[in-house]
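Protein sequence lines, in the order shown, are assigned to chains A and B.
Following our numbering, the numbering of the first sequence begins with 2 at its first residue and continues without gaps.
Following our numbering, the numbering of the second sequence begins with 2 at its first residue and continues without gaps.
Same chains, same names: a pair is fine if it fits in one copy or spans any two.
Quick list of in silico lysine to aspartate or glutamate cross-link-like pairs, EDC-like style, CA-CA up to 20 Å: (1) 210 x 47; (2) 63 x 47; (3) 63 x 29; (4) 203 x 76; (5) 390 x 255; (6) 210 x 76; (7) 277 x 386; (8) 203 x 260.
Don't read these hints as lab results, they were simulated from the structure.
There are 2 protein chains.
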Amino acid sequence: MSIAETIAIGSELLVGGRSDSNSLFVADALAAIGIEVRFKTIVGDDQSDIAGVLTTACRRAKIVIMTGGLGPTVDDCTREAVASVTGFRLARRKEAFESMRARLAQWGRTPNRGQLRQALIPSHAVVVPNPVGSAPGFMLTWRNARMISLPGVPSEMQAMMQQSVIPYLADRLNRSKQACSHPITRVTFHTWGLPESDVDSKLQGLIQKRTPIALGLLASPTEVLVSLTTRAHRSIKGAVLRSLEEGVRTRLREWIYAEGQDTLEEVVGRLLQRQKLTIAVAESCTGGLIGYRLTQVPGSSAYVDRGALCYSNQAKTDMLAVPARLIEQYGAVSREVAAAMATGMRARAGVSVALSVTGIAGPGGATETKPVGLVFIGLDGGNDDVTAKEFRFHGDRSVIRQRAAQAALDLLRRWLIARGEA
Amino acid sequence: MSIAETIAIGSELLVGGRSDSNSLFVADALAAIGIEVRFKTIVGDDQSDIAGVLTTACRRAKIVIMTGGLGPTVDDCTREAVASVTGFRLARRKEAFESMRARLAQWGRTPNRGQLRQALIPSHAVVVPNPVGSAPGFMLTWRNARMISLPGVPSEMQAMMQQSVIPYLADRLNRSKQACSHPITRVTFHTWGLPESDVDSKLQGLIQKRTPIALGLLASPTEVLVSLTTRAHRSIKGAVLRSLEEGVRTRLREWIYAEGQDTLEEVVGRLLQRQKLTIAVAESCTGGLIGYRLTQVPGSSAYVDRGALCYSNQAKTDMLAVPARLIEQYGAVSREVAAAMATGMRARAGVSVALSVTGIAGPGGATETKPVGLVFIGLDGGNDDVTAKEFRFHGDRSVIRQRAAQAALDLLRRWLIARGEA
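Chain A on its own, in the form it takes in the complex:
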């Protein structure tokens, strides 16, 4: 089994809210060819710190992929750290320099002093071409580890992984008859509507001891993610994995809204298209999030007609013909107004189905009877098929808004499935 470690280099990744997304890409790309990232390290632009983590990484991993620290400025010192750990001297490499010069020429520039440094490559290293930007990467073998250094710009790093690093590693693994026939397989199920502990109880006893498949649960504001991960041989794991997948589906049937990379808005979009329906949304507390998510799907203009963000009461009356006396009588956050918003939107837009949300996202706006987190979701599917459901969400303003949008899209999903089966 090939153990890998990623090292993300850059002081901005240590403090100030900037997260390292490169390692996620690298780990997924390696997993697909059977290489397991077991450790990820993040370190600042400090040559001796980088040298230290690199030494540690080479002790515990066979493949070490560094991203970042190859830029033209003086704080970029990955090259120097690699040289100091390995003892391989840095020298200007002709092929690296020429391709950099050609790239800059395309952009109408000539290399400046900083960029000249980018052509410095440790001896014994192979240059990894950069098909997108100017900084080349490199890879080399030191002691038992293969060290690969790539730029930190995501588009450059990704192109270099796909074009050079992955084919190279896959080929090496094949030749050494290593893990390549055992890629890691990970199957994921996205659930909504059950707390994590209930998902856990429903899955109790699914996996027998000694089955080489790991069950994982991960809760976030808008889902509980269930995963099955294995790296057993394909022929062994196929049948076992399929039966476990079926087990998860059976136990969590109504709560699984998507599998794998699918999103709830994509699932809903496909259901709408399959049934040749159009949709409009009327949002109050979600502020446009439902419309934004629905239209995030390419081609959604085929079924999304419009949306109304009716924040003021006047807007609810103007845009959706919600009777002012209904708002007076029940309040803007009420089952009655949610239903009237959906009905008004459906009639105005002339669509097949309209979805509505009204609620109190907080921190202000609560009353004695209506706490922060109280949300009503309405749906009008025509032919007097109108529903409005009450929800109570916990969390801060942002979390309540996210949960309300998720609940609304899930209500739509369930309605579409029931309609399709009827």
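Once you've looked at the hints, dock chain B against the given chain A.
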């Protein structure tokens, strides 16, 4: 100087696209009291891997903060890893058990077997109470390092950091007269509208060599972030830092839309409130994102009246009274339609100012003369003050939508500032 390392524990952080946000929070919280996170490690739910990284961390850092692996399931093995590294035995701790039982009782539950494991604490460790969830944390000293173990659930970890860990560490640092008098200061400026290389050129020569202040630039789809970071003593750095801050402001004046933790929607919201204005938005390609961002600000109902997501041409005519012949003549994505959307929205909503966006987010929808990324942003401020600007954005569908929303809010910001100064 106190060096810290964070260790985020959880196999889901290694593969499958889930990023570790806990370490970002921990690093920022520590920086505020003068503790510098120099290393971040991510490791899976594997006891011996965790033990390995913990040993490494204790060699290179004085403060090691672990998040995750304290849950009730068998794959949670941080407790066991700490015990194996330190040799401190695990035993059920009464205060941990009682507070957990009390918390679960509030929720109408009793501890199950997995939860009982959560009351196991290494000997010599101090229990860190969890004011939000059931799993307690703990801290202990081993060799020269202070090890702190917290749950991975962000809300629980954050509450425990704020209530227990930070006060404790600040107090220890004060007593040992260490770094606490030299907190790391980081000042940030959010810019929009200039490419990173132009921001870089404008800041050339600002910082003299040997000034103990680092200038950083970081580009993302919706901004170039400029930062000044220093950990020099307060009295030394105060004047120097202030003059550099002024230098950044002078050189980038019109492009800086916010400083520090401020967001563009908060800045715009304050400008609207100060001028007692109301707003409505008319969105096509941004799909509701502008409304969502404006209403993300607590209290935004004071100035946000409504929004229209008019995806279809019919919706533009219905909701905003955009003449159908205008759409026929110029196309839905045109300067003329953007202006008409803003004007129509302003008239319908009776607000002070209306903002509109129409564009081609792709991947489909481009024509020979109108490429993906072409966006028009309109603004109607009344009294014939109508503008519509053309933009050309690069990136995928999601990036183009984000940039269009950012450009629209920034156009509004500039208009509000000019109006306030007039």
